[in-house]
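2 protein chains.
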Amino acid sequence: MVEYDAVIVGAGILGLSTVYHIKKRHPNKEILVIDKLNAAGQAATAKSAAAFRCLFSSKTNFLLADSSAEFYRYVQEDLNVDLKMRWVGYLWLFNEENYEKTLPVLRDLYKKGFTYEEYNSDELAEKLGIRTNFVDDEEAQLMGLGNAYKGIFIPKAGLIDVDLLVKFYESEFLRLGGKIQYVTKAESVVVEPGEPLEIPGEPYFWQDANVVGVNTNKGTIKAKKTMIVGGAWSSQLLDSLGVECHIKPKKRQIFSVKANTDALGKLLFTKGFNDVGCLPFTILPNPSVLIRPVLEENAFWLGYADEFPRAFKLEEDSQPEENFYQYGIYQVLVKYFPQFFGCHPFSAFAGLYAINTLDSQPVIFEENRLMVVGGASGSGIMKADAIGRIAAALYSGDEYAVLHGGKAIKVSDLGLKNRLVEPEKLII
Amino acid sequence: MVEYDAVIVGAGILGLSTVYHIKKRHPNKEILVIDKLNAAGQAATAKSAAAFRCLFSSKTNFLLADSSAEFYRYVQEDLNVDLKMRWVGYLWLFNEENYEKTLPVLRDLYKKGFTYEEYNSDELAEKLGIRTNFVDDEEAQLMGLGNAYKGIFIPKAGLIDVDLLVKFYESEFLRLGGKIQYVTKAESVVVEPGEPLEIPGEPYFWQDANVVGVNTNKGTIKAKKTMIVGGAWSSQLLDSLGVECHIKPKKRQIFSVKANTDALGKLLFTKGFNDVGCLPFTILPNPSVLIRPVLEENAFWLGYADEFPRAFKLEEDSQPEENFYQYGIYQVLVKYFPQFFGCHPFSAFAGLYAINTLDSQPVIFEENRLMVVGGASGSGIMKADAIGRIAAALYSGDEYAVLHGGKAIKVSDLGLKNRLVEPEKLII
Numbered sequence: 001m002v003e004y005d006a007v008i009v010g011a012g013i014l015g016l017s018t019v020y021h022i023k024k025r026h027p028n029k030e031i032l033v034i035d036k037l038n039a040a041g042q043a044a045t046a047k048s049a050a051a052f053r054c055l056f057s058s059k060t061n062f063l064l065a066d067s068s069a070e071f072y073r074y075v076q077e078d079l080n081v082d083l084k085m086r087w088v089g090y091l092w093l094f095n096e097e098n099y100e101k102t103l104p105v106l107r108d109l110y111k112k113g114f115t116y117e118e119y120n121s122d123e124l125a126e127k128l129g130i131r132t133n134f135v136d137d138e139e140a141q142l143m144g145l146g147n148a149y150k151g152i153f154i155p156k157a158g159l160i161d162v163d164l165l166v167k168f169y170e171s172e173f174l175r176l177g178g179k180i181q182y183v184t185k186a187e188s189v190v191v192e193p194g195e196p197l198e199i200p201g202e203p204y205f206w207q208d209a210n211v212v213g214v215n216t217n218k219g220t221i222k223a224k225k226t227m228i229v230g231g232a233w234s235s236q237l238l239d240s241l242g243v244e245c246h247i248k249p250k251k252r253q254i255f256s257v258k259a260n261t262d263a264l265g266k267l268l269f270t271k272g273f274n275d276v277g278c279l280p281f282t283i284l285p286n287p288s289v290l291i292r293p294v295l296e297e298n299a300f301w302l303g304y305a306d307e308f309p310r311a312f313k314l315e316e317d318s319q320p321e322e323n324f325y326q327y328g329i330y331q332v333l334v335k336y337f338p339q340f341f342g343c344h345p346f347s348a349f350a351g352l353y354a355i356n357t358l359d360s361q362p363v364i365f366e367e368n369r370l371m372v373v374g375g376a377s378g379s380g381i382m383k384a385d386a387i388g389r390i391a392a393a394l395y396s397g398d399e400y401a402v403l404h405g406g407k408a409i410k411v412s413d414l415g416l417k418n419r420l421v422e423p424e425k426l427i428i
Numbered sequence: 001m002v003e004y005d006a007v008i009v010g011a012g013i014l015g016l017s018t019v020y021h022i023k024k025r026h027p028n029k030e031i032l033v034i035d036k037l038n039a040a041g042q043a044a045t046a047k048s049a050a051a052f053r054c055l056f057s058s059k060t061n062f063l064l065a066d067s068s069a070e071f072y073r074y075v076q077e078d079l080n081v082d083l084k085m086r087w088v089g090y091l092w093l094f095n096e097e098n099y100e101k102t103l104p105v106l107r108d109l110y111k112k113g114f115t116y117e118e119y120n121s122d123e124l125a126e127k128l129g130i131r132t133n134f135v136d137d138e139e140a141q142l143m144g145l146g147n148a149y150k151g152i153f154i155p156k157a158g159l160i161d162v163d164l165l166v167k168f169y170e171s172e173f174l175r176l177g178g179k180i181q182y183v184t185k186a187e188s189v190v191v192e193p194g195e196p197l198e199i200p201g202e203p204y205f206w207q208d209a210n211v212v213g214v215n216t217n218k219g220t221i222k223a224k225k226t227m228i229v230g231g232a233w234s235s236q237l238l239d240s241l242g243v244e245c246h247i248k249p250k251k252r253q254i255f256s257v258k259a260n261t262d263a264l265g266k267l268l269f270t271k272g273f274n275d276v277g278c279l280p281f282t283i284l285p286n287p288s289v290l291i292r293p294v295l296e297e298n299a300f301w302l303g304y305a306d307e308f309p310r311a312f313k314l315e316e317d318s319q320p321e322e323n324f325y326q327y328g329i330y331q332v333l334v335k336y337f338p339q340f341f342g343c344h345p346f347s348a349f350a351g352l353y354a355i356n357t358l359d360s361q362p363v364i365f366e367e368n369r370l371m372v373v374g375g376a377s378g379s380g381i382m383k384a385d386a387i388g389r390i391a392a393a394l395y396s397g398d399e400y401a402v403l404h405g406g407k408a409i410k411v412s413d414l415g416l417k418n419r420l421v422e423p424e425k426l427i428i
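Protein chains in written order, with our numbering: chain U, 1 to 428; chain H, 1 to 428.
Note that these hints are calculated values from the structure, not bench results.
Since this is a predicted model, take the numbers as computed values, not measurements.
Glycine included, C-beta positions come from ideal geometry on N, C-alpha and C.
Warning: the hint list may mix true and false statements.
Stated by the list, open to error - List time: in silico DSBU-like cross-link candidates among lysine-lysine, alpha-carbon distance up to 35 Å:
no. : chain 1 : residue 1 : chain 2 : residue 2
1   : U       : K417      : U       : K156
2   : H       : K417      : U       : K59
3   : U       : K36       : U       : K84
4   : U       : K313      : U       : K112
5   : U       : K410      : U       : K36
6   : H       : K417      : U       : K335
7   : H       : K313      : U       : K218
8   : H       : K112      : U       : K59
9   : U       : K417      : H       : K127
10  : H       : K156      : H       : K185
11  : U       : K112      : H       : K417
12  : H       : K127      : U       : K101
13  : U       : K59       : H       : K36
14  : U       : K335      : U       : K425
15  : U       : K425      : H       : K417
16  : U       : K313      : H       : K313
17  : H       : K112      : U       : K425
18  : U       : K224      : H       : K127
19  : H       : K258      : H       : K24
20  : H       : K417      : U       : K313
21  : U       : K59       : H       : K127
22  : U       : K111      : U       : K407
23  : U       : K425      : H       : K127
24  : H       : K335      : U       : K313
25  : H       : K84       : U       : K410
26  : U       : K417      : H       : K101
What the hints assert, rightly or not - Chain U is faced by these chain H residues, among others (derived, beta-carbon under 7 Å):
no. : residue
27  : Y204
28  : F205
29  : S240
30  : F312
31  : L314
32  : T357
Claimed, not checked - To be clear about the criterion: a stretch of chain U counts as covered by chain H if any three or more of its residues have a C-beta under 8 Å from a C-beta of chain H, and this derived list gives those stretches:
no. : segment
33  : 89-97
34  : 140-147
Generate coordinates for the entire structure from the input sequences, incorporating the hints supplied.
This is the structure we're talking about:
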């Protein structure tokens with residue numbers, strides 16, 4: 001039987017970035033990626049809101065997101081691979097309370113050279129045509145909606161085409177000689193004793209035991225290193241080995257609404273924020289419903305990351321819920337943006353966040369010849385390049401990973417044993 | 001419909017200790033315990049190794065275990081409720097390396113007034129009839145067995161009858177007017193909006209949402225407070241609400257071997273360690289197989305807490321695995337204790353540890369009117385009284401819980417948001 005140097009379970013954005021960086025550093029290693037679906041990035045990766053931002057308060061977040069965005073910019077501008085990156089910026093609306101809480105963090109970041117622009121409620125009302133104050137609106141108060149007291153515009157942020165990004169990593173990995181096998185589902189992980197003694201049921205606890213590959217619907221694949229990069233599905237494989245990755249699945253939904261009225265067309269192409277001449281990626285005050293402009297579709301994507309009591313639940317084919325739009329998102333949205341009155345989504349999709357319930361940051365660790373990469377908690381696209389480089393550094397046995405742009409991060413910072421990640425103060 | 005003040009899911013040792021302490025402090029509250037089985041403490045509680053120790057390096061562990069053991073002593077000696085507590089002590093065998101690592105911790109504890117006794121390998125060989133050195137045993141070396149270089153005897157430790165302890169808490173709770181309903185399975189948790197608006201599918205994310213009870217096979221039970229104390233099963237109910245409790249299930253097995261030879265009878269009634277005149281609860285060096293004397297059954301219970309690749313897996317009726325004894329425990333045991341040569345278990349049982357994968361300490365927290373108590377990670381019996389008091393303090397809104405003996409612990413130390421538990425250096 002062929003033994004690969006490494007087999008990677010999962011051809012999502014994190015799996016592909018990881019193998020691209022490993023293969024680039026180790027061109028002679030035989031690397032195989034498997035995925036249960038029939039093409040790359042078809043699961044949660046395809047269901048992303050496809051946005052990125054570089055402004056974070058946590059050093060970890062900043063390093064991962066900023067270096068990844070700069071790498072994507074390099075791919076697009078220097079390698080001339082169109083990723084449809086658009087620097088439309090993030091516009092973040094705050095009520096009084098959250099603005100007061102956020103201000104010290106922003107000022108601190110400003111001193112470090114991060115730029116942002118501030119808008120007051122009158123400016124927001126004028127530029128966006130939104131309602132900013134609900135003091136006379138009993139219904140809005142019952143709903144607990146926050147006033148749009150201030151808007152913070154972050155220019156270093158924007159949109160990206162995830163499918164093009166996936167294809168970049170996939171094609172580069174293949175060009176370097178990597179192999180991908182689709183429609184191949186990892187059903188279990190193979191564990192063998194270091195020194196097999198042919199005892200039934202081995203390894204026993206007094207034996208060394210290592211992961212040596214995966215059993216799939218197409219047979220067993222052996223490898224010197226096995227990597228689980230299965231997004232929300234990783235914990236299922238890892239639980240069967242008693243390996244805790246702290247990743248839980250949560251459904252996230254996006255609803256697409258056409259800008260098919262004059263008012264919505266004007267909103268989509270709001271001027272004055274960015275060079276693209278469109279609405280930034282916008283986050284409402286409270287609850288923080290998000291609005292992503294989709295220029296190619298003349299549409300807006302609308303979403304909300306709901307917490308309690310949204311279940312941690314794996315499902316093969318997550319479906320968006322009509323009521324979640326109708327009674328959830330729409331009710332909030334239309335209070336701020338009357339332009340959306342009467343709007344129905346023309347399409348919708350849902351995917352699974354792979355939430356790291358420790359600290360919402362990625363985990364990248366190895367034990368018993370098994371590597372685990374995941375738990376990006378909804379920031380997988382915007383951090384994928386850095387995560388891939390850190391995973392490649394772990395694979396290579398390096399203490400530090402060098403990210404695009406030259407900054408370094410300690411590999412063990414994102415591991416489990418000596419984990420060291422700064423909590424994020426700028427939370428959307 | 002009746003609304004209880006509190007409904008508690010799970011009549012295991014932690015659930016019963018919790019409701020006993022709540023009811024004692026709030027005699028007028030209507031408290032209902034439900035359990036899917038037909039009596040108290042029949043799941044993992046009944047499958048415990050039924051031992052306790054008070055010597056821990058972590059302040060948290062010490063507070064929980066010492067105060068609980070002192071309470072059980074009080075119940076037995078002052079309340080004259082026989083719990084069959086026997087202070088047989090723990091005898092902990094170390095190889096050279098682990099002894100060197102443990103020595104500074106022990107010396108530090110000694111300075112604080114904790115007593116222990118140390119035995120060298122010759123003394124161990126003489127007292128126990130064990131082999132202490134495997135330098136000439138190729139097979140033992142292949143198995144990675146550690147020499148019995150030193151033995152540390154901890155006197156403040158011993159055995160307890162878990163069923164009697166369960167019955168104590170159950171009967172006291174009932175005597176105080178508490179209610180228990182068996183054969184009642186919590187199938188889901190009921191969530192309702194703070195202010196119902198009769199919208200289909202509410203609560204939506206812009207509404208306040210709270211837990212108001214549980215749906216069971218016997219109908220819905222409403223309560224002002226709902227507590228999940230379901231051991232390894234807790235995460236199943238909590239996952240459906242997106243509430244992370246960091247608890248995972250892992251099967252643990254115990255095999256019972258009769259002391260039916262002269263050599264084993266002599267070993268069971270080893271003199272010189274304790275007043276009972278029996279073998280202490282003994283832990284082998286590496287792997288740390290455990291031997292629990294069971295005087296009433298003229299037997300030894302044998303166990304081992306295996307890690308990788310033992311799965312995190314829920315199962316209704318965990319079964320012990322013959323091979324785990326035959327090729328696992330027995331092979332290790334007989335190398336140290338030739339007295340066990342040829343021994344087969346006459347009975348065996350298996351249960352689920354509720355492992356807290358954060359730090360192996362209990363979690364006691366509340367959110368959205370839902371309380372969670374669990375994750376004792378195999379130390380539930382020996383810490384049950386303290387855990388119940390802390391849970392009762394949380395229920396009462398206290399900042400500190402006063403444990404038996406008068407020491408206090410901050411309730412939030414065992415919560416999730418401001419968790420503060422010292423890592424344990426004395427790990428078995």
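Hints, one by one, checked against the model:
1. A distance of roughly 33 Å separates the Cα atoms of K417 (chain U) and K156 (chain U); the hinted pair therefore holds under the 35 Å criterion.
2. About 21 Å separates the Cα atoms of K417 (chain H) and K59 (chain U), which keeps this hinted pair within 35 Å; it holds.
3. Among the hinted pairs, K36 (chain U) with K84 (chain U) is consistent with the structure: their alpha-carbon atoms are about 28 Å apart, no more than 35 Å.
4. At roughly 40 Å between alpha-carbon atoms, K313 (chain U) and K112 (chain U) are farther apart than 35 Å, so this suggested pair is violated.
5. Taken as a hint, the K410 (chain U) and K36 (chain U) pair is honoured in the structure, with Cα atoms around 32 Å apart against an allowance of 35 Å.
6. Annotation: proposed proximity of K417 (chain H) to K335 (chain U) holds, straight-line Cα distance about 33 Å (limit 35 Å).
7. Simply put, K313 (chain H) and K218 (chain U) have alpha-carbon atoms about 25 Å apart, close enough for the 35 Å limit, and the pair holds.
8. At roughly 41 Å between alpha-carbon atoms, K112 (chain H) and K59 (chain U) are farther apart than 35 Å, so this suggested pair is violated.
9. For the hint linking K417 (chain U) to K127 (chain H), the alpha-carbon distance of about 40 Å lies beyond 35 Å, and the restraint is violated.
10. For the suggested pair K156 (chain H) and K185 (chain H), the alpha carbons sit about 38 Å apart, so the restraint of at most 35 Å is broken.
11. Straight-line distance between C-alpha atoms of K112 (chain U) and K417 (chain H) comes to about 29 Å, which keeps the hinted pair within the 35 Å bound.
12. Taking the CA atoms of K127 (chain H) and K101 (chain U), the gap is about 66 Å. The hint is violated against a cut of 35 Å.
13. Annotation: proposed proximity of K59 (chain U) to K36 (chain H) is violated, straight-line Cα distance about 48 Å (limit 35 Å).
14. Proposed proximity of K335 (chain U) and K425 (chain U) is supported: the alpha carbons are some 27 Å apart, at most 35 Å.
15. Taking the CA atoms of K425 (chain U) and K417 (chain H), the gap is about 15 Å. The hint holds against a cut of 35 Å.
16. A C-alpha spacing of about 16 Å is found between K313 (chain U) and K313 (chain H), which places the hinted pair at or below 35 Å, so the restraint holds.
17. The straight-line distance between the Cα atoms of K112 (chain H) and K425 (chain U) is roughly 41 Å, outside the 35 Å bound, and the hint therefore fails.
18. With a CA separation close to 47 Å, the supplied pair K224 (chain U) and K127 (chain H) exceeds the 35 Å bound.
19. About 42 Å separates the Cα atoms of K258 (chain H) and K24 (chain H), which puts this hinted pair outside 35 Å; it is violated.
20. For the hint pairing K417 (chain H) with K313 (chain U), the CA-to-CA distance comes to about 23 Å; that is within 35 Å, so the pair holds.
21. A threshold of 35 Å between alpha carbons decides the hint, and for K59 (chain U) with K127 (chain H) the separation of about 58 Å lies outside it, so the pair is violated.
22. Proposed proximity of K111 (chain U) and K407 (chain U) is supported: the alpha carbons are some 20 Å apart, at most 35 Å.
23. Among the hinted pairs, K425 (chain U) with K127 (chain H) is inconsistent with the structure: their alpha-carbon atoms are about 60 Å apart, more than 35 Å.
24. Straight-line distance between C-alpha atoms of K335 (chain H) and K313 (chain U) comes to about 46 Å, which puts the hinted pair past the 35 Å bound.
25. Using a Cα cut-off of 35 Å, the hinted pair K84 (chain H) and K410 (chain U) is violated, with the two alpha carbons roughly 53 Å apart.
26. Proposed proximity of K417 (chain U) and K101 (chain H) is supported: the alpha carbons are some 19 Å apart, at most 35 Å.
27. Restraint check, Y204 (chain H) versus chain U: the minimum CB separation of about 4 Å is within 7 Å; hint holds.
28. Hint status for F205 (chain H) relative to chain U: holds, with the closest Cβ pair at about 4 Å, below 7 Å.
29. The restraint placing S240 (chain H) at the interface with chain U holds, with a minimum CB-CB distance near 5 Å, inside the 7 Å limit.
30. Hint status for F312 (chain H): holds, given a least beta-carbon distance of 4 Å to chain U, under 7 Å.
31. With its C-beta approaching chain U no nearer than about 10 Å, L314 (chain H) sits outside the 7 Å limit, and its interface hint is violated.
32. Because the smallest distance between the Cβ of T357 (chain H) and any Cβ of chain U comes to about 4 Å, under 7 Å, the interface hint for this residue holds.
33. Check on the segment 89-97 of chain U: 0 of its residues sit with their Cβ under 8 Å from a Cβ of chain H, so the three-residue criterion for coverage is violated.
34. Residues of the segment 140-147 of chain U lying with their CB closer than 8 Å to a CB of chain H number 4, which satisfies the three-residue condition for coverage.
Taken one by one, the earlier hints fail for this structure at numbers 4, 8, 9, 10, 12, 13, 17, 18, 19, 21, 23, 24, 25, 31, 33, listed in ascending order.
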